[in-house]
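Please build the complete structure, drawing on both the sequences and the hints.
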Amino acid sequence: MATDLEKNTRTAYSSASSARTIPNDDPVSTIDEESKKADAKDAANVRQDTAVEKVEDAGLSIDVGEHPDGGLKAWSVVFGYALVFIPGLVIGRIFDMGYVKLPLSIASAVLVIATFLNAQCKQYWQFLLCQGFAVGLSCGVIFGILMGTPAHWFKRRVGLALGIQALGSSVAGTLYPIIVKNLIQKVGFQWTMRVLGFIEVALLAVQLATVERRLPPKVHSGPFLDFSVFKNASFSIYTLSSFLAFLGIYTVLTYIDVSAVSIGIPESLAFYLLSIANACSAVGRVSGPLNVMTPATFLAGIMTYIWPFAKSKGGNIAVAVVYGGSSGVYVSMLSAPIVYMGRTEDVGVRIGMCFTVIAIGAVAGPPISGAINAATGGFTFTGIYA
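Read in order, the letters of the sequence shown are residues 18 to 403 in my numbering.
Since the hints were derived computationally from the structure, they do not count as laboratory data.
Accuracy of the hints is not assured; some may be wrong.
To be verified - Restricting the straight-line Cα-Cα distance to at most 25 Å, the calculated cross-link-like pairs of lysine to any residue (SDA-like) are: (1) LYS198 with TRP142; (2) LYS198 with LYS118; (3) LYS118 with SER186; (4) LYS248 with HIS169; (5) LYS198 with SER258; (6) LYS118 with GLY387; (7) LYS172 with LEU184; (8) LYS203 with LEU184; (9) LYS198 with VAL338; (10) LYS198 with ALA335; (11) LYS172 with SER258; (12) LYS172 with LYS328; (13) LYS203 with CYS147; (14) LYS172 with LEU225; (15) LYS172 with MET358; (16) LYS198 with VAL117; (17) LYS198 with GLY331; (18) LYS139 with VAL212; (19) LYS330 with VAL275; (20) LYS328 with ILE385.
Structure representation (structure tokens):
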């Protein structure tokens, strides 16, 4: 892109220089000469604008051949995602102690401020602090508290309550990519971030006004790392299985648009595959009791095997629809079984310990998938691994 810009600029300037070197004292010819200069200048501006538009559009396109394959930029995405689960270790204990509004208020303020500051970032370390650490940690605090509150208000229908609660992430996952893509084209990156910040202010205000715990607080005398919860065999097996699941569960959602472009599907359609998957996950998040979780997770695994062999538009859309719906069941009910694996008063500690282990899988999973893709030059073995 930069080469095209330099080439167009040099061509325009050489045209303008040729117009200036023509010796002519005739007034009429001088007027024509000035017109040529103006035309050359306009041509340069048009070419530069076109090249700049290409550069800007490049930020929204999918570049199949140039992945960072590690490095700070790639790892910031991984760390930001992992930080959503890591705070559960502390937040689970804080929640059991009775604190809800205070950590939610602090995390909400940090999230909004980080989003607005993200619009002003110019250097990589600034993006890492705002988008990676601040947004990741604040989302982790909010996520950890919200996962524990339904157990205080529901017993028989706690799975449905968690599914409805998780419905918000499906709506956001569907709309946010579309909003960002269109806003960047119209108002630029900075105002796109500001608009997202204002959306967060409105939604977080509703959250702070409605989220509350019911049971009295419980003071734990033990350490934050309470390994005694793993004495429960069911909890230990479930935590291990969740760790293994997170090593691959988001591989399809991470690569489905890139793999679609690599087989010739237009970027305009490939971009919306992720939104389609997130929209379909909304159905999975509110459907069925806990016994739906096992077959839904099994179906998500089957679709992961099928995904690399989907070579058409219809095939990729079908994968996005089925995988989005089945994985949505698993994600929405992730903490629901933990509620039944001990006393309700200790649910925060159990969720925190489980999510801490899950965070390891969230950190390790994407690099492993990326390494397999880079080593094999395709997505077949990536899908088999996931």
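Hint check results:
1. LYS198 with TRP142: At roughly 24 Å apart (the allowed maximum being 25 Å), TRP142 and LYS198 satisfy the hint.
2. LYS198 with LYS118: This hinted pair is violated, its Cα atoms lying about 34 Å apart.
3. LYS118 with SER186: holds, 21 Å
4. LYS248 with HIS169: Cα-Cα ~24 Å, so holds.
5. LYS198 with SER258: violated, 36 Å
6. LYS118 with GLY387: The given pair, whose Cα atoms are some 39 Å apart, is violated under the 25 Å limit.
7. LYS172 with LEU184: holds, 19 Å
8. LYS203 with LEU184: Measuring from Cα to Cα gives roughly 29 Å; hence the hint is violated.
9. LYS198 with VAL338: Status holds; Cα separation ~21 Å.
10. LYS198 with ALA335: holds, 23 Å
11. LYS172 with SER258: holds, 24 Å
12. LYS172 with LYS328: Violated. LYS172 to LYS328 sits at ~45 Å, over the 25 Å cutoff.
13. LYS203 with CYS147: holds, 24 Å
14. LYS172 with LEU225: Between LYS172 and LEU225 the Cα gap is close to 23 Å, so the pair holds against 25 Å.
15. LYS172 with MET358: Given pair LYS172, MET358 holds - Cα atoms ~13 Å apart, limit 25 Å.
16. LYS198 with VAL117: Status violated; Cα separation ~35 Å.
17. LYS198 with GLY331: holds, 23 Å
18. LYS139 with VAL212: holds, 19 Å
19. LYS330 with VAL275: holds, 13 Å
20. LYS328 with ILE385: holds, 24 Å
Violated hints, in rising order: 2, 5, 6, 8, 12, 16; the structure is consistent with all others.
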